[in-house]
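Student: Dock chain B against the given chain A, drawing on the hints supplied.
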Amino acid sequence: MEWEDLIHNVPSGSSQGASATGDPSAARIPPGPDGSDEGRAAQRGGRFARLRERLSKSRQALSAELSASLFDKLDEETWERLEEALIVADVGAKATAEVVGRLEQEVVSGEVSGPEATRERLIELLAELAGATAPRIDLAETPTVIMVVGVNGTGKTTTIGKLAAVLKERFGLSVIVAAADTYRAAAIEQLEVWAQRSGTEIVRGNSGGDPGAVVFDAIAAAEARGTDVVIVDTAGRLHTHDNLMEELAKVRRVAANRLEGAPHETLIVIDATTGQNGLRQARAFAETAGVTGVALTKLDGTARGGIALAIAGELGIPVKMIGVGEGVEDLRPFDAEEFARALLDE
Amino acid sequence: MFDQLSDRLQETLSEVRSRGKLTEADVDKAMREIRLALLEADVNFKVVKRFTAQVKERCLGAGVLDSLNPGQQVVKIVDSELAALMGGASRDLAVASSGPTVILMAGLQGSGKTTACAKLAKHLGDDGKKVGLVACDTQRPAAVEQLVTMGKRAGATVFEQGTDRDPVEIAEWGLGQARSQGIDALIIDTAGRLHVDELLMDQLVAIRKRTKPHNVLLVLDAMTGQDAVNVAESFAERVEFDGVVLTKLDGDARGGAALSVKAVSGKPILYASTGERIEQLERFHPERMASRILGMGDVLSLIEKAEEVSDADQAAELERKIRKQQFTLEDFLTQMKQVRKMGPLQNVLGMMPGMGKAMKQIRQIDVDDRELDRLEAIILSMTPAERANPTLIDGSRRKRIARGSGTTVQAVNQLVKQFGQMRKMMAQLAQGKMPDPAQLMKGMR
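Protein sequence lines, in the order shown, are assigned to chains A and B. Count the first sequence with the working numbering and you get residues 1 to 346, in order. Count the second sequence with the working numbering and you get residues 1 to 445, in order.
With the rest of the complex left out, here is chain A:
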C-alpha cells in the first residue's frame, strides 16, 4: 500500500512536486515490465518489513500467546489462547468472538486444515474485518476540505502536520491548514510550528474565537488562491460533551454552507492505546461529524490498535492511515493485511 493507492484524483499539474521529496523510499515504484505489480510487491515487502520492525521492535513477544506452532494442535486451548491474543490487542470481546468462532467452525467443518492454512485464514478474516475494499481519499474537488476530529490527546495536530507534508512534498499539492482548535491553550501555536516545518500556509483566528469563522476564512482563502487541499484542525473533545459535539456539527455546517460538499473527508484520529471506548468515540463522532475514515496513531508503542478493527467491523468506518512514529515519514497509508499480520506480531 502506497500513498498513491490511498489518494485518488490528485489535481493535475501538481505531480512534478513528487520528486522533490527528500525520502528516497518515498519514490514511486512503477509496475513490473510485464505490467504486473511485481515491482510494487517487492516494495511492499520492504515496507512491510519496516513497519513490522517499527511495530514489534519493543513489543513483548506475543509468541507466548501465539507462537508459530499455535495451530499445530487444534483444540480448546488453541482457541482460548487465540482469543486472549486478540483481546490483548484491544480487538474487543465481540469482534474476537466472531473471528475466532468463524475460524473454529471452518476448521471443524474441514474447510480449512493444516497449521499454515489456518494461520493464513485468520489473517484473512482479520483483514476482512478491517474493510472489504481498499480505503481511498478523493481529491477531485478544488479545494478538497479534510476535517480532522477526535477526543483530546489522540494526535490530531501532529497527524495534520504530517499529512500536510505528504500532500505537499509527495504530491506537490498546495495545502492550507485551518487552526480551528481555538480552545486548547497554545493549540494554534502548535499547528503553526508544524505548518512552518512543512512549509504550508496556515489560516488562524484568535484563541477562544469562533472555530467556524476560521474554517470559513480558510475555505475562502483556498478558493481565492486556487489551493488544492484545506485541512481543518478541530479542538479535541470528549464525545460525551453534547455542547462541544454540537459545536463540531456547527463547524461542519459552516464548511458546507461556504462550499457545497465540504468537508469532503472527515477523519477521526484514534490513539492506538485506546481500549473499547474507541467504539463509542467513533460512533458519537460519526453521528455528529459524518466520519469517513480513521487515522490510527501511536502504533509505535506496545499497543496494537485492535480497536480499529472493532470500529471498522462494527461501524463500517475504514482505517485510512496509521502513525508509527514521530517523523513525517511515519504517517503511512493503511494496509489491512499488513495490519492484521502486525496485530499477531508475525
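Hints were generated in silico from the structure; no laboratory data involved. As the structure is a prediction and not an experimental result, all values here were calculated from the model. Careful: at least some of the hints might be erroneous.
[What the hints assert, rightly or not] Derived pair list, reagent style BS3-like, types lysine-lysine, alpha-carbon separation capped at 25 Å: (1) Lys-321/B x Lys-212/B; (2) Lys-94/A x Lys-49/B; (3) Lys-209/B x Lys-94/A; (4) Lys-94/A x Lys-46/B; (5) Lys-417/B x Lys-73/A; (6) Lys-94/A x Lys-56/B.
Tutor: Frame of chain A, contents of chain B only:
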C-alpha cells in the same frame, strides 16, 4: 455494557431462583457475564481471569447459593471484590518536611499531562499553597506556551526557559527558583514519551535523580485499553511512580485500565480529572469506583459535592420545608443555583444511583443547561409573593412573567404545573420513598 452489569447479573441469577437453588453451572454463567463486561471495560485480561476465579470461589462458598436473593448476593460479592482490587482508602500526596514539595508528572503523549499539571496546581492553590510549575516539555511544539497560559489561569508561577535547554537542567533550575521564591509545591511537567523510548525514559530518570521528587505521578488516560498494564509496568520499573492521575474520566470510558494498573502495580490512583474546566480535578476515592463501575452510582461523591456548595443550616431548613410541602419557587431557585454550582447537570445526574439506565434516556431527551437558564429567567420574573405562592399566578400575571422572561405563557404554565408535581414528589422522597427516576426526570424538566 457496564452500566447494566449489576442488572444483568441480577437477571441471570434470578431466572433460576424459581428452581430454588443456584447450581455451579448458574454461577459459571454469571462469571461469563462478568468476564465479558470487564473485558468490555478494558480491564486487563489477566486481572479478569484472576478476578472471576476469586469471585466464583466466594460465590460457591457458604450460604450464597441458598440465600433468598442469590443475584443480589453475587452483585455484592462482585462489588466488594472490585473495591478490594481498586485498593483501600484514598491516599494523600507526600509532603516535604521543608522546602517545596516536588511533584514529577510523567506519562504517554496525549494522556493529558500539561492539563493535569495546571489542574493540580489549581487544586493545591485552592488549598492555600503557593504553587510553581516547571515547563520541561521541550519536545512537543508549543507545550511550553500551553503550560504558561494554563499556569496563569491556575494562579501558579510558571518557570520556563524555552525549548533550547536540556529538560534535566530546566528541572533543576526550576527547583532552585522555587526554593528561593518560597514555593510550597512545585509541579514538573515533562514531555510525553512512549515507555519503550529508552532515550526519553533515561531523561526522565535523570530528572528524577536531580530533583528528588516527593511524588512521581503517572498520568493515565481513562480510555486506555489492554496496553495500560505494559505502560504502568515500564514506568514503574524506570521511575518508580507513586501514584496515578486518571484523566478524561468525564467521558464514558469505564476506566477498567485504571483498575488494572492498580491491580498489577499496586499504585493507587490519587486524582481524577472530570471535565474541561481547570477546577475539574478531584481526589480519587477507590472505594467508590467499584459501585460506579457496577452502575450503582456514586452517592458519596454526590453528597460531598452537595456539602461543598451548601451549608448545614440551610440544608436543615430546606429539609423541614420539603417535609411540610412548604418548598417555594424561591427555594427551588436557590437549590437550582446550588446544583449548578456542582457542575454540569449531566455529571451530577451520573452520580445518582439508579441513573445508569436513566442516563441513556436523559442523554436522548438532553438535559440542557440552557433549559435551566430559561427556568431561572421565568422564576426571576415573578414577584416574591408569586414565588412563595404560585397559585396567585393568574392569566395576566402569566402574560407579564412570559414577557419579562422572554418566554411564552405555555412555558410559564408548564413550570408552575411541574413545580406542583415536584413538590409532592420531594415530600415523598423526604419520607424515604424512592420515586421512579424517570418520573423524577419528568418533574425536573
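Student: Failing hints, ascending?
Tutor: The structure conflicts with hints 1, 3 and 5, although it agrees with all the remaining ones.
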